[in-house]
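Here is how the chains run, residue by residue.
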Amino acid sequence: MREVWITDSGVATGAGLSLEETWQTLLTGKTAIRDITRFPVTSYRSNLGSCITKLQPSGSASLIHVLLHLLVDQIGPVPEDSLLVTATTKAGIDNLEKLKRGVAAQSRDILPSALSSIIAQKLSLTNNRSLNISAACASSTVAVAQAAALISSGAIESAVISSADVITEFVFSGFSALQVLSPFPCKPFDKYRAGLSLGEGASFLTLMSASRAKRLGLHEKGIIAGFGIANDAVHITAPDRNGSGLIKAVMRAMDVAKIKKDNIAGISAHGTGTIHNDLMELAAFHSVFDEDCPPIYSVKGCIGHTFGAAGGIEIVLGNKALSEQTIPPTVGFSEPETGAEGLVSSQPLSIKGDYLLVTNSGFGGINAAIVLKRGAQL
Amino acid sequence: MKVVISGIGWVNTSGYSQGRQAIFSRGCEEKLPKLLPKSLFLKPFHRFGRLDEYSKLGLAAIALALKDARLEAWSRVRNIAIISSTVFSCLNTDEQYYETVLPEEGRLASPSLFAYTLPNAFLGEAAIHFGLSGATYVINEPTLSGLFGMFLALNSIKRGEHETVIVGVCDYGPPPILSTVSNSIPEALFFVLQNVELNKKLLSYGELTEGKEMQLFFNSEEITNLNNLAHKCTYTHEMKKRDNAS
Numbered sequence: 001m002r003e004v005w006i007t008d009s010g011v012a013t014g015a016g017l018s019l020e021e022t023w024q025t026l027l028t029g030k031t032a033i034r035d036i037t038r039f040p041v042t043s044y045r046s047n048l049g050s051c052i053t054k055l056q057p058s059g060s061a062s063l064i065h066v067l068l069h070l071l072v073d074q075i076g077p078v079p080e081d082s083l084l085v086t087a088t089t090k091a092g093i094d095n096l097e098k099l100k101r102g103v104a105a106q107s108r109d110i111l112p113s114a115l116s117s118i119i120a121q122k123l124s125l126t127n128n129r130s131l132n133i134s135a136a137c138a139s140s141t142v143a144v145a146q147a148a149a150l151i152s153s154g155a156i157e158s159a160v161i162s163s164a165d166v167i168t169e170f171v172f173s174g175f176s177a178l179q180v181l182s183p184f185p186c187k188p189f190d191k192y193r194a195g196l197s198l199g200e201g202a203s204f205l206t207l208m209s210a211s212r213a214k215r216l217g218l219h220e221k222g223i224i225a226g227f228g229i230a231n232d233a234v235h236i237t238a239p240d241r242n243g244s245g246l247i248k249a250v251m252r253a254m255d256v257a258k259i260k261k262d263n264i265a266g267i268s269a270h271g272t273g274t275i276h277n278d279l280m281e282l283a284a285f286h287s288v289f290d291e292d293c294p295p296i297y298s299v300k301g302c303i304g305h306t307f308g309a310a311g312g313i314e315i316v317l318g319n320k321a322l323s324e325q326t327i328p329p330t331v332g333f334s335e336p337e338t339g340a341e342g343l344v345s346s347q348p349l350s351i352k353g354d355y356l357l358v359t360n361s362g363f364g365g366i367n368a369a370i371v372l373k374r375g376a377q378l
Numbered sequence: 379m380k381v382v383i384s385g386i387g388w389v390n391t392s393g394y395s396q397g398r399q400a401i402f403s404r405g406c407e408e409k410l411p412k413l414l415p416k417s418l419f420l421k422p423f424h425r426f427g428r429l430d431e432y433s434k435l436g437l438a439a440i441a442l443a444l445k446d447a448r449l450e451a452w453s454r455v456r457n458i459a460i461i462s463s464t465v466f467s468c469l470n471t472d473e474q475y476y477e478t479v480l481p482e483e484g485r486l487a488s489p490s491l492f493a494y495t496l497p498n499a500f501l502g503e504a505a506i507h508f509g510l511s512g513a514t515y516v517i518n519e520p521t522l523s524g525l526f527g528m529f530l531a532l533n534s535i536k537r538g539e540h541e542t543v544i545v546g547v548c549d550y551g552p553p554p555i556l557s558t559v560s561n562s563i564p565e566a567l568f569f570v571l572q573n574v575e576l577n578k579k580l581l582s583y584g585e586l587t588e589g590k591e592m593q594l595f596f597n598s599e600e601i602t603n604l605n606n607l608a609h610k611c612t613y614t615h616e617m618k619k620r621d622n623a624s
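Chains A and B, in that order, give the protein sequences.
The opening position of the first sequence corresponds to residue 1 in the working numbering, with each subsequent residue numbered one higher.
The opening position of the second sequence corresponds to residue 379 in the working numbering, with each subsequent residue numbered one higher.
Read the hints as simulated data drawn from the structure, not as lab findings.
Quick reminder that beta carbons are idealized off the backbone N, C-alpha and C, glycines included.
Worth double-checking, as some hints may not be accurate.
What the hints assert, rightly or not - Here are the simulated DMTMM-like cross-link-like pairs (lysine to aspartate or glutamate), alpha carbons at most 20 angstroms apart as the crow flies:
id	chain 1	residue 1	chain 2	residue 2
1	B	Lys-590	A	Glu-157
2	A	Lys-98	B	Glu-473
3	B	Lys-590	A	Glu-80
4	B	Lys-610	B	Glu-600
5	A	Lys-100	B	Glu-473
6	B	Lys-380	B	Glu-575
7	B	Lys-536	B	Glu-585
8	B	Lys-421	B	Glu-450
9	A	Lys-54	A	Asp-73
10	A	Lys-352	A	Glu-324
11	B	Lys-380	B	Glu-408
12	A	Lys-214	A	Asp-35
13	A	Lys-352	A	Glu-291
14	A	Lys-98	B	Glu-483
15	B	Lys-536	A	Glu-157
16	A	Lys-54	A	Glu-21
17	A	Lys-352	A	Glu-337
18	A	Lys-258	A	Glu-324
19	B	Lys-618	B	Glu-585
20	A	Lys-98	B	Asp-621
21	B	Lys-536	A	Asp-81
22	B	Lys-619	B	Glu-585
23	A	Lys-122	A	Asp-8
24	A	Lys-100	B	Glu-477
25	B	Lys-590	A	Asp-81
26	A	Lys-100	B	Asp-621
27	A	Lys-100	B	Glu-585
28	B	Lys-536	A	Glu-3
29	A	Lys-98	B	Glu-482
30	B	Lys-421	B	Glu-483
To be verified - Covered by chain A, according to a simulated footprint, are these stretches of chain B (three or more residues, beta-carbon under 8 angstroms):
id	segment
31	470–477
32	505–512
33	516–525
34	554–568
35	599–612
To be verified - Over the 10 angstroms line for every Cβ pair with chain B, so calculated as not near, a few chain A residues:
id	residue
36	Arg-34
37	Gly-76
38	Glu-97
39	Ile-229
40	Asp-232
If we strip away everything but chain B, and leave its shape as in the complex, we get (with noise of 0.2 angstroms):
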């Protein structure tokens, strides 16, 4: 069986995009781009501004993921997962709600807030907005990789469980009271992967594989880190591009 990453979508704090639009980059500012729900989901998407910010990050790259592998419309719900890796998830989240709780002894508990004080509710607005009926889950990792995510990802199309995944990393930083645990920002990326055997029209950057001690390959090339994949996967499209055009 072929599995091949057919998208990859991105936020962070250099801007957001997708894999056949644009080089993959990372910035090195604090804020991110402010999020145009018109630029982002084929179909209005009236709840989006009422979401918090994680859920907000996290289901932006997951849009332009899909719209880079042409999976955005939909009219039947699909068999497709999505698995998303974190390390603060939505702590900042956690943390404006219990800020609700702490007057009048929780009489002013927020219910909207603690609806998104779960790390995977995100998934389920985008199984909801996409039609996506597949596994949805979060791994929560102590540094941000997301590469046990991809092997989990192979393994279940391999298996014959989803025959497309949507993978990658969500991750909002810290919340204020742990600001001095860590420094790092705001980031999504998500890929989607599909068995090319299903569909061989499908769009390619090039094939994933496994080795025996849980490696990963791309285009038979170790993978050690997400946005380098991110990077080589876009890089290499356009110089691809570019030739064609000259």
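Here chain A stands alone, though its shape is the one from the complex (with noise of 0.2 angstroms):
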């Protein structure tokens, strides 16, 4: 198996719209959750999220089109060969809803293929070699991985993942319709939490064979060592109350990286602050590491729960945690939830080590696992 080297990466958040201007806000440990104005959400369990106030909505293209421009610009130059892997959960829903409103609307956009075919103009990629990947809020940790797996496994040399998704009434109404949006900034992990709150936000990385890389001069900013995916198989929107699916995922992604469980310096937790999904995380890193659990943590506090985008956004956040050797705050986080004492702090936590694991878990019963290596500067 061939090493896999991130050479670049980005993020456009609630936060920030850069990772330096996100990671800067994660660390002051407020939060980027604030009321919405972008549809009327007075009919809805909760009005917060957190939105890019850049994002306008600009004519009949849908807000992915604005989002993914605000994101491309940081893509530094790319391999002509590279595959190109989106993911995303919704797209343009938003071009849908205009449509059913009898607003003009670019049609395609409401397609999650078209992720692929607007990121591939802007990069210039012609080689056609473009798919997204839908795999709930699990999406982009999924596409992360199936582009590591084909650089490891050599039948590609480079590729460029990249995540979005954006709040539209679509999907608040969906999740308010689930009784799962919190009336409050989200508080992953908090005794007292009472569901998620919604993000948007972007996310690009870059990944290339070692072998390439060093042939173009480029360094490593990190690596990723290990993958895994797993099904619960218990329930489509409800995780399995023992993390089945996710100790699985864990364990196939150390088990890729040809580490033990203490190796991992700390754990970037899917945390979306709902009751459900923080037991269950917590049940199964419990399980993973028994009493040497690693310190968690969530952004989703601070730049809310970005769906299909958020695992590609934690992963290039997970990667700068580790070159920082920082673990940034829980924001939201006071009361710990039985099981997360000691392990999970509302302030940033120095760590000592040179592997962070990223998790994601989502509808449809599926968990994925990243295992991060530290790399030589970011």
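Put the two chains together into one complex, using the hints given.
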């Protein structure tokens, strides 16, 4: 198996339009979850979300176009033969809303494959090697895992993985109808949490085989050392209480990385702030790590749950955390849920180690885990 | 490592069947046949009738493919993955869901419909019903091909991630609001790929291999289309059956 290097990465979130800006906001412990003004929210369980202020409708194009435009300027030169893997749950579903309300809108933006064509066009990738992966809230984690698997097995040399999702009335009303929106900014792993807060954002990672990167004179900003995906096979919208799928995904990722559990210095959890998700994750992490569970954090109290884009954003932020040897605070957390005592903190924590675990789970029972290894520089 | 196609199942406007029972064909009618759960599932699937049409379509083809590979019965969850490619995925369900949001400013939004506005929801249903704990995800393509999914499935088996992968396409066509964009018709076609090294006795239509440029080969012949592949597998099987009978 070949080493998979992260040679470039970036994010755009409600907490900042770049990795550095998002990271700095995250470290302050402040939330970017605020009142939503994009559409009427009076009928819903919550009026909160982490929107990107600069993301404003532009003619008949979907907001996803505008978001990707904010992201794509951050992407450095990409080899022409790169595979493009995008990830989203609902792409430009805001354009379906417009069409149903009789407003002019570009219908092609509604298709999830639209993401690939928008980015391929912006990066001038003309090799027609692109796909979009949809696996609910683990979409971009699965996308990174698949791209890394293809590079490590020698099938390809280079890939760009980009994830994006926007807050729309469509998704907001759905999560409200499922009774999972928190009436206050979400509080992951807190005893008094009451649900999730939605966010929007985008990410990109450029992955390369070590040999290709060296040939191009690029340095490793991090390494995708392991990956694992598994299904709970228990329920469509609720996670398995025992975390069976997440345990399998994590064990598989550590197996691929050829590391032991005590090598993991920290865990970037899915940490949505819903009762069931956070309990499931704590059960899974305690099962895998026994008494020696490393510190756990969630970024969703700051940037909200960016659904299909979450994994990509959290992998980029996780790589930054590993590089800085600092785990960001879990914004909104104050009273630990049983099992989170001493593991989750509202303050930044120093860590010492070379590996960080990133996990995401989603509807349809899907779970995905990535093991990141510290690179030379970021 | 040798990977073979051990099962094929499909649902399209010409009907629904499995590889060892019929030769694959595609209809050009607009409507799908009525799917009868008793003819599809070994165990009762009580929720099947309440699922959205896209999920029913995909689940039925997966059930037939598993039945064809004799992998339908199970007692413990199995490390089997599902990769499904699509163009329009669940957009018909999306449109139906949004019609519940429009009146009363979202107060009547349907939680049960919203749960099926994710393209991978039916894979979760398949994982639960058939006890599958491997990776389950959907690939969105601009035009329906399924070849990249097939490549990822083969790669996954060769890396030792899964012993078996169910892979194919499921598309319900455009929703009414996009009906002018495309006139594609609903169809689902799934193959079961298995690592033969782990079970020498498994059923096989033939061997699947990969080329250096991500091409796929079935019995050394390049695959350019999953429908042609299904036809080739099922036609060859039928001819062998007739030869043996005569």
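Hint-by-hint comparison with the structure:
A hinted pair counts as satisfied when its Cα atoms are at most 20 angstroms apart, and Lys-590/B with Glu-157/A qualifies at roughly 12 angstroms. For a cut-off of 20 angstroms, the pair hint linking Lys-98/A to Glu-473/B stands: about 12 angstroms separates their Cα positions. At roughly 17 angstroms between alpha-carbon atoms, Lys-590/B and Glu-80/A fall within 20 angstroms of each other, so this suggested pair holds. Between the alpha carbons of Lys-610/B and Glu-600/B the distance comes to roughly 12 angstroms, so the proposed pair stays at or under 20 angstroms and holds.
For the suggested pair Lys-100/A and Glu-473/B, the alpha carbons sit about 8 angstroms apart, so the restraint of at most 20 angstroms is met. For the hint linking Lys-380/B to Glu-575/B, the alpha-carbon distance of about 6 angstroms falls within 20 angstroms, and the restraint holds. Between Lys-536/B and Glu-585/B, the direct Cα distance comes to roughly 13 angstroms. Compliance with the 20 angstroms bound is thereby established for this hinted pair. In summary, the hint linking Lys-421/B to Glu-450/B is supported, as the alpha carbons are separated by about 9 angstroms, within the 20 angstroms threshold.
Between Lys-54/A and Asp-73/A the alpha-carbon distance is near 15 angstroms, which keeps this suggested pair within the 20 angstroms criterion. Pair hint Lys-352/A plus Glu-324/A holds up; C-alpha atoms about 10 angstroms apart against a cutoff of 20 angstroms. With a C-alpha separation of about 39 angstroms, the suggested pair Lys-380/B and Glu-408/B falls outside the 20 angstroms cut-off, and the hint is violated. For the suggested pair Lys-214/A and Asp-35/A, the alpha carbons sit about 47 angstroms apart, so the restraint of at most 20 angstroms is broken.
Between Lys-352/A and Glu-291/A, the direct Cα distance comes to roughly 18 angstroms. Compliance with the 20 angstroms bound is thereby established for this hinted pair. Restraint check: the Cα-Cα separation between Lys-98/A and Glu-483/B comes to about 14 angstroms, which is no more than 20 angstroms; the hinted pair holds. For the proposed pair Lys-536/B and Glu-157/A, the alpha carbon gap of about 18 angstroms is at most 20 angstroms, so the pair holds. For the given pair, Lys-54/A sits about 14 angstroms from Glu-21/A by alpha-carbon distance, which is consistent with the 20 angstroms threshold.
Note on Lys-352/A and Glu-337/A: the hinted pairing is violated, with a Cα-Cα distance of about 25 angstroms set against a maximum of 20 angstroms. At most 20 angstroms may separate the alpha-carbon atoms for a hinted pair to count; Lys-258/A and Glu-324/A exceed this at roughly 23 angstroms. Between Lys-618/B and Glu-585/B the CA atoms are separated by roughly 17 angstroms; this keeps the pair inside 20 angstroms, and the hint holds. Between Lys-98/A and Asp-621/B the CA atoms are separated by roughly 59 angstroms; this puts the pair beyond 20 angstroms, and the hint is violated.
For the hint pairing Lys-536/B with Asp-81/A, the CA-to-CA distance comes to about 23 angstroms; that exceeds 20 angstroms, so the pair is violated. Among the hinted pairs, Lys-619/B with Glu-585/B is consistent with the structure: their alpha-carbon atoms are about 19 angstroms apart, no more than 20 angstroms. Using a Cα cut-off of 20 angstroms, the hinted pair Lys-122/A and Asp-8/A holds, with the two alpha carbons roughly 17 angstroms apart. Restraint check for Lys-100/A and Glu-477/B: the C-alpha separation of about 8 angstroms stays at or below 20 angstroms, so the hint holds.
The hinted pair formed by Lys-590/B and Asp-81/A meets the criterion: a straight-line CA distance of about 14 angstroms does not exceed 20 angstroms. Under the criterion of a C-alpha separation no larger than 20 angstroms, the hint pairing Lys-100/A with Asp-621/B is inconsistent with the structure, at around 57 angstroms. A threshold of 20 angstroms between alpha carbons decides the hint, and for Lys-100/A with Glu-585/B the separation of about 47 angstroms lies outside it, so the pair is violated. Distance hint between Lys-536/B and Glu-3/A is fulfilled; the C-alpha atoms sit about 18 angstroms from each other, no more than 20 angstroms.
Pair hint Lys-98/A plus Glu-482/B holds up; C-alpha atoms about 17 angstroms apart against a cutoff of 20 angstroms. Annotation: proposed proximity of Lys-421/B to Glu-483/B is violated, straight-line Cα distance about 41 angstroms (limit 20 angstroms). For the segment 470–477 of chain B, the stated coverage by chain A holds: 5 residues have a C-beta nearer than 8 angstroms to a C-beta of that chain, and at least 3 were required. Coverage of the segment 505–512 of chain B by chain A holds. Counting CB-CB distances below 8 angstroms, 6 residues qualify, and the rule asks for three or more.
Counting residues of the segment 516–525 of chain B whose C-beta lies closer than 8 angstroms to any C-beta of chain A gives 5; at least three are required, and the coverage claim holds. Taking a C-beta to C-beta cut-off of 8 angstroms, the segment 554–568 of chain B contributes 3 residues in contact with chain A, enough for the three needed, and the coverage statement holds. With 0 residues carrying a beta carbon less than 8 angstroms from a beta carbon of chain A, the segment 599–612 of chain B misses the three-residue requirement, and the given coverage is violated. Distance check on Arg-34/A: its Cβ is at least 20 angstroms (rounded) from any Cβ of chain B, clearing the 10 angstroms threshold; non-interface status holds.
Look at Gly-76/A: its CB is around 25 angstroms from the nearest CB on chain B, clear of 10 angstroms, so calling it non-interface holds up. Non-interface call for Glu-97/A relative to chain B: violated, since the shortest CB-CB distance, roughly 6 angstroms, does not exceed 10 angstroms. Against the 10 angstroms criterion, Ile-229/A falls within the reach of chain B, whose nearest CB is about 4 angstroms from its own CB. Under the 10 angstroms C-beta cut-off, the non-interface status given to Asp-232/A relative to chain B is violated; the minimum distance is some 8 angstroms.
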